[in-house]
Amino acid sequence: MLGKTHRLGGIMIGSVTPIIIQKTLNTPINNITTFTITTIIGGAIGSLLPDLDHPNSIISKKIKPLSKIIREFAHHRGITHTLLGWITFGVISLIVSYLSINYLIGNINYYEKICMSIIGGAIASSTIAFIANSFNKYTHIVKKNKIKKISALGFLFGFFLVLFFDKKVLEYVPIYLLAMFLGYGIHILYDMFTVSGVPFLYPFSKKVFRFSRFKTGGIIEVIASVISIIITILALYLLFKYNIKLKM
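Numbering follows the numbering used here, in which position 29 of the sequence shown is assigned residue number 390; successive positions increment by one, without gaps.
Rather than coming from a laboratory, the hints here were simulated on the basis of the structure.
Only a predicted model underlies this, so the values are computations on that prediction, with no experimental measurement involved.
We treat Cβ as the ideally placed atom computed from N, Cα and C, and that holds for glycine.
Some clues are possibly wrong.
Derived DSS-like pairs: lysine-lysine, alpha-carbon spacing no greater than 27 Å straight-line [said to hold, decoys possible]:
hint, residue 1, residue 2
1, K576, K365
2, K510, K384
3, K576, K422
4, K510, K602
5, K602, K429
6, K602, K384
7, K384, K576
8, K422, K365
9, K429, K365
So the derived label-pair ranges between C-beta atoms look like this [as the list claims (entries may be wrong)]:
hint, residue 1, residue 2, range
10, N387, V569, 19 to 27 Å
11, I580, Y459, 17 to 25 Å
12, T577, I448, 20 to 28 Å
13, I430, N387, 39 to 47 Å
14, N417, V583, 18 to 26 Å
15, T449, F521, 41 to 49 Å
16, L550, L597, 19 to 27 Å
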């Protein structure tokens, strides 16, 4: 599917994530607005990650060096669109989440602190770039070279924020990465509805998994987008309604 359709799917899963967490814990989430914005952005970015194996994808144009490295080892809809690729990203997310939790409780050395600061800078940079590019798509106020500079400043901001100032920023890292992980998964699921499908069990099996034979860019894009938007609106409505009731 197209990047914009995947992004809507990621926003959808990001909207549903807080509901799943609240239902599981049966307790309201503090700072629900910040929490939900975090999961939506995480889901949206995560839903674009598998397409790092395509040079013309939305995410590849924003992270060209990483995309180039991945394309040296993988073709489009290759390893990044598999269960193994998804699990690998999940393991990396768990490691980063573990480090962030240790950082919060003070059980971390200097080198791990630097690593967490770099991760904080990367998250801030990618988030700012995502918001700027999404906003710029409709307004064209900010030039592309300006977005790169803003993204670089975002990295420095995130790096020094984590290193010297507010540890509370890291409270949202595990949630952000969880949403990215789910967004990654929804990307693979959506691609299963196209004629190309995905080699989900590669390299253990070359079987291509698909639920339909719709062409990318065809009617399936409209169907998936409409469903994603409807579920997002419904999820946000239920989320804030449920959260208010629990607080009463």
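Given hint K365 paired with K422 - CA-CA distance at most 27 Å = 14 Å, holds
Cβ distance range 19 to 27 Å for N387 and V569, holds or violated | Taking Cβ atoms as reference, N387 and V569 lie about 41 Å apart, which means the hint is violated.
May I ask you to test the hint 20 to 28 Å on the CB atoms belonging to T577 and I448?
-> 25 Å, holds
Going straight from one Cα to the other, do K576 and K422 come out at no more than 27 Å?
-> 23 Å, holds
Would you mind confirming whether the straight-line C-alpha gap from K510 to K384 stays at or under 27 Å?
-> 41 Å, violated
Could you grab the alpha-carbon distance between K576 and K365 and see if it respects the 27 Å cut-off?
-> 15 Å, holds
For the pair supplied as a hint, K510 and K602, confirm whether the alpha-carbon distance does not exceed 27 Å.
-> Roughly 39 Å between the alpha carbons, so the hint for K510 and K602 is violated.
Quickly compare the C-alpha distance for K602 and K429 to 27 Å and report which way the hint goes.
-> Violated - the C-alpha atoms of K429 and K602 are around 44 Å apart, more than 27 Å.
27 Å Cα cutoff - pair K384, K576 = Violated, because 37 Å separates the two Cα atoms, which is more than 27 Å.
Given a hinted range of 19 to 27 Å, is it respected by the beta-carbon distance of L550 and L597?
-> Check passed, 21 Å falls within 19 to 27 Å.
Can the suggested window of 17 to 25 Å be confirmed for the beta-carbon pair I580 and Y459?
-> Given range 17 to 25 Å: violated, Cβ gap about 43 Å.
Taken at face value, is the distance from the CA of K384 to the CA of K602 at most 27 Å?
-> Holds: K602 and K384 sit about 13 Å apart, inside 27 Å.
Violated hints, in rising order: 2, 4, 5, 7, 10, 11, 15; the structure is consistent with all others.
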